[in-house]
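Peer 1: Below are the chains, spelled out letter by letter.
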Amino acid sequence: MTIHRPTIDRPMPAGQVGRSVPRLEARQKVTGRADYVHNLVVPRMLYCKVVRSTVPHGRILSIDTSAAEALEGVYRVVTADDIRTVVPNPFYGPAFHDQPVLAVEKVRHVGEPVVAVLAEDPYVAAEAAQLVTVEYEPMEAVFDEIEAMTSTAVVHEVLKPAGTFPDLKHLVGRRDTNIALDYRLRRGDVDAAFAAADHVFAHEFKTQQVMHTPLEPMVSLAEPGEDTLTIHTASQSPSFVRIEIARLLGWPENRVRVKVPHLGGGFGAKLYIKLEALVACLALLVRRPVKWSLTMEEQFYTITKHASTFRIESAVDKEGRVTGRRCEVFWNGGAYADIGPRVTQKSGFTAPGPYDIDNVSIDSYALYTNRPPAGALRGFGIPQLVWAYESHTDLIARGLGLDPVAFRRKNLLRDGRPQATGTPVRDAAIEGVLDDIAARMAWETPFDRGSGPVKRGRGIAVGFKASIAPTTSVAIVNVAADGSANLYLSTVDMGQGSDTAMAQIVAETLTLRTEDVKVVHPDTDVTPYDMATLGSRSTFHAGNAVKLAAEHARDQIAALAASLGLPPGSNYAPADLFKKKYGMQAGNIIGVGTYIPEYKSPAPETGLSDNVTPFWMVGGTGVEIEVDTETGHVRILRMVNACDLGRPLNPKIVETQISGAALMQLGFTMFENMDLDDGQVTNASLADYKIPGMHDVPDQMESVITEAEQKSGPYGAKGVGESATFGVSPAIANAIHDAVGVRLTEMPLTPQAVFRALREAELNSSTTSA
Amino acid sequence: MDASETVKKIRFTLNGRPVSATVESHVDLVDLLRRFDLGGARESCGQGLCGCCTVVVDGVAMSGCLTLAQLVDGKRVDTIEGLDQTGALSPVQQAFIDEGAFQCGFCTPGFVLMTHQLLERNPDPSEPEIRDYLAGNLCRCAAYPEIIRAVKSAASRMRASAAA
Ligand code: FES
Ligand code: FES
Chain A
1 MTIHRPTIDR PMPAGQVGRS VPRLEARQKV TGRADYVHNL VVPRMLYCKV VRSTVPHGRI
61 LSIDTSAAEA LEGVYRVVTA DDIRTVVPNP FYGPAFHDQP VLAVEKVRHV GEPVVAVLAE
121 DPYVAAEAAQ LVTVEYEPME AVFDEIEAMT STAVVHEVLK PAGTFPDLKH LVGRRDTNIA
181 LDYRLRRGDV DAAFAAADHV FAHEFKTQQV MHTPLEPMVS LAEPGEDTLT IHTASQSPSF
241 VRIEIARLLG WPENRVRVKV PHLGGGFGAK LYIKLEALVA CLALLVRRPV KWSLTMEEQF
301 YTITKHASTF RIESAVDKEG RVTGRRCEVF WNGGAYADIG PRVTQKSGFT APGPYDIDNV
361 SIDSYALYTN RPPAGALRGF GIPQLVWAYE SHTDLIARGL GLDPVAFRRK NLLRDGRPQA
421 TGTPVRDAAI EGVLDDIAAR MAWETPFDRG SGPVKRGRGI AVGFKASIAP TTSVAIVNVA
481 ADGSANLYLS TVDMGQGSDT AMAQIVAETL TLRTEDVKVV HPDTDVTPYD MATLGSRSTF
541 HAGNAVKLAA EHARDQIAAL AASLGLPPGS NYAPADLFKK KYGMQAGNII GVGTYIPEYK
601 SPAPETGLSD NVTPFWMVGG TGVEIEVDTE TGHVRILRMV NACDLGRPLN PKIVETQISG
661 AALMQLGFTM FENMDLDDGQ VTNASLADYK IPGMHDVPDQ MESVITEAEQ KSGPYGAKGV
721 GESATFGVSP AIANAIHDAV GVRLTEMPLT PQAVFRALRE AELNSSTTSA
Chain B
1 MDASETVKKI RFTLNGRPVS ATVESHVDLV DLLRRFDLGG ARESCGQGLC GCCTVVVDGV
61 AMSGCLTLAQ LVDGKRVDTI EGLDQTGALS PVQQAFIDEG AFQCGFCTPG FVLMTHQLLE
121 RNPDPSEPEI RDYLAGNLCR CAAYPEIIRA VKSAASRMRA SAAA
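First to last, the sequence lines map onto chains A and B. Residue numbering for the first sequence follows the numbering used here, beginning at 1 and increasing consecutively. Residue numbering for the second sequence follows the numbering used here, beginning at 1 and increasing consecutively.
Isolated chain A (complex conformation) (with noise of 0.2 Å):
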């Protein structure tokens, strides 16, 4: 049974912060009318279908598209050199510049893209697409990441990085490398700390690659104006999708508008550039508007998450307090880069874990290979650090004979204390967290570890993650004559109730109903500019500034109340006041907010900094599993996920998100796993990747909010999307580890793994008893 306990709201005075407002689309959705881009249709609409490399890395010898281009209803079949004729150096991307908008004399990983054909009729572009036909030169290919540190397999002549980062300008110009960013932390003196160490523990964990197959598949269109060019695109990121393809063309920011709908899921796949440029580059070169809608087998080559390898050593004193850690990790980004360096550097620098350990050193890799590209996935790469992390913390406690609560306790980051980079923590409920699951699951209290076949463990797991950092949203709200209130927002709401949460906000600063706020969708001809719906950043930075935008507009009402001569702290309406000054329903008040926290960047040789995030989010699972050992199989009985999400906007909201998040990551615990040979995805669609349906929900599953306050959030709040997702996948291993007594180190855990880890167990203590 799934066992629910009612929310608690714990509403602000004006009653709608803290109150769980149904989502304000919530009718669209039930009946079928959100708009999506998926079902837009405009008139004169072209239908792009790509051509894709068969092979994971190869010199183009030539291209045959005259059987395309001759079956009746093709537009036009368009290559690289086509392309050229539009963008002179068709290459982008959010860290590096080096992702072609169609490959261009290589191709770097199966299923990138080559060709695009064009017709009025999808199915007629695609069987046109079947009739090109490309000749390779193979070339050697490298897939793992370890051996894409020394590999003769060269995916990238040379590093593009693309400027906007200062700490990715060392790399400009480096060749015959597959590292695309070495990222390093110094802290104490760790060769010390391991020499006068009692215990050394050290190990080494790996996970796979997944995809995030959102239910809308990627999808863009654009339709060209006059000297202008429109794309509707289902994006994270409309504003930088502006920027950067307006930077492809030369031409200024405001010729290019981009508008975004509602987002069928997201989950990071839907982030940077994905299919604007193409759909750009097409409809300048035809004139015409051009939809390119992905089915769900391309998107796995388009984005996933890092594989990763991690290897993690501990130093630990007999009192069992940890004095020193060594990380290594090194993450498979795939022939892209797309925004994995920042994944490398971003969540590189929390490796070491949420525990206070004075002497670290942390060398993380963002790594090239002839893999489909990496990118984010909810978690930006914490979930896999997690996964190492506290895979290895149960390790030590069990090899100390330590109960894992409580050498977690021992060891915990506390408030005010520097974490790796030397910021220090604050406003971060970590040992909360903790209590919570602990006392939900009766930590204390005997465990009924199971008889016969089936064995009964419990495992434990907290991580935490720094915000993607320094980063801008800009908010504008127009009240009305009336007193009704538009929020002009490019926050994207792709079902994290992004827009519901910031109407809440303005209608707790100007006293309104949250159900009478409109939120105007992105479009960047009309909503300002936000960095991106990413990394769990909203709700702390749109969130702030939206607060900012409606206090600037409360201010401007209140000095208007002023002017008309009403005496401070006087009741009025601002439906009133507008009628007083101008004689009629008429006029507005526009309130504008920005938002960037302060910040400081790593010095590049220490990896250090006193600021480097502007807040912490927390989160942590809790699970009682079964085991079956005579067949391996995995049932999750009870999952328990604690957040710190400051106070909550929308209670209602973020436990769905706390639930959601961690189903999601249950997925990628237990089966979902991108099968790869010689580079090509073999089950590229759900029918052989799995992802979790009703019956992978844990018959009990319970989402608790952290009694926390994030004190420079609005409200208290700060973002959540993504924390449930961090402690899923160790719990799961060390639940296994508490049942059975055999350690996974490699995700997924499927039970072919569990049984093959308990059948080596038995083999080696029947060869050691002999």
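Keep in mind the hints are simulated off the structure, nothing from the lab. Virtual Cβ for every residue (Gly too), placed ideally from N, Cα, C. Check each hint, because a few of them may be wrong.
To be verified - Chain B stretches covered by chain A per the calculated footprint, using a threshold of three residues with CB under 8 Å from any CB of chain A:
no. : region
1   : 40–53
2   : 83–91
3   : 96–103
Unchecked claim - Far from chain B, by Cβ distances over 10 Å, these chain A residues were calculated:
no. : residue
4   : S62
5   : T152
6   : I179
7   : W251
8   : V592
9   : T629
Claimed, not checked - Take a look, some chain B residues computed to stay more than 12 Å from chain A by CB distance:
no. : residue
10  : K9
11  : V60
12  : N122
13  : D124
Starting from the known structure of chain A, arrange chain B with the ligands on it as the hints suggest.
Peer 2: Chain B with the ligands alone, transformed into the frame defined by chain A:
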């Protein structure tokens, strides 16, 4: 298009209204509905595995992505857009809102239609029965716990109004 392609004029009842369309043999039901400006059934997996494209044909929920349009000739086709034709939401739709049983909403029409079908056949389903019945619908936002609650709450509302 290949020469064996046939174009056929079909007539069917769409959300209670008689309609007709001329369709090629390869066109599927999702595409057909798009011609009537109905966007609630959406193709996602394209393989009959996710339920985003659910359409009810002669009272039976089907995957629109696997149903050829010509096959609905003479049939009754009901979509998510037909549920609130009176202006009021169905009890299932209302329960989905009250329980917050969706995030991005892309899968929601499929879940709502399947829930209606479940409750028509079984007005008081147990939790395992709910899970079994909805196992063919996927929600990547994983709003499953809320969906289960919404189904239970819709069931009790519908039983209460049937008893009244
Ligand atoms: S799109 Fe038809 S079942 Fe998935
Ligand atoms: S609500 Fe997003 S897929 Fe179900």
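Peer 1: Can you give the numbers of the hints that this structure goes against, from lowest to highest?
Peer 2: Hint check: nothing fails, all pass.
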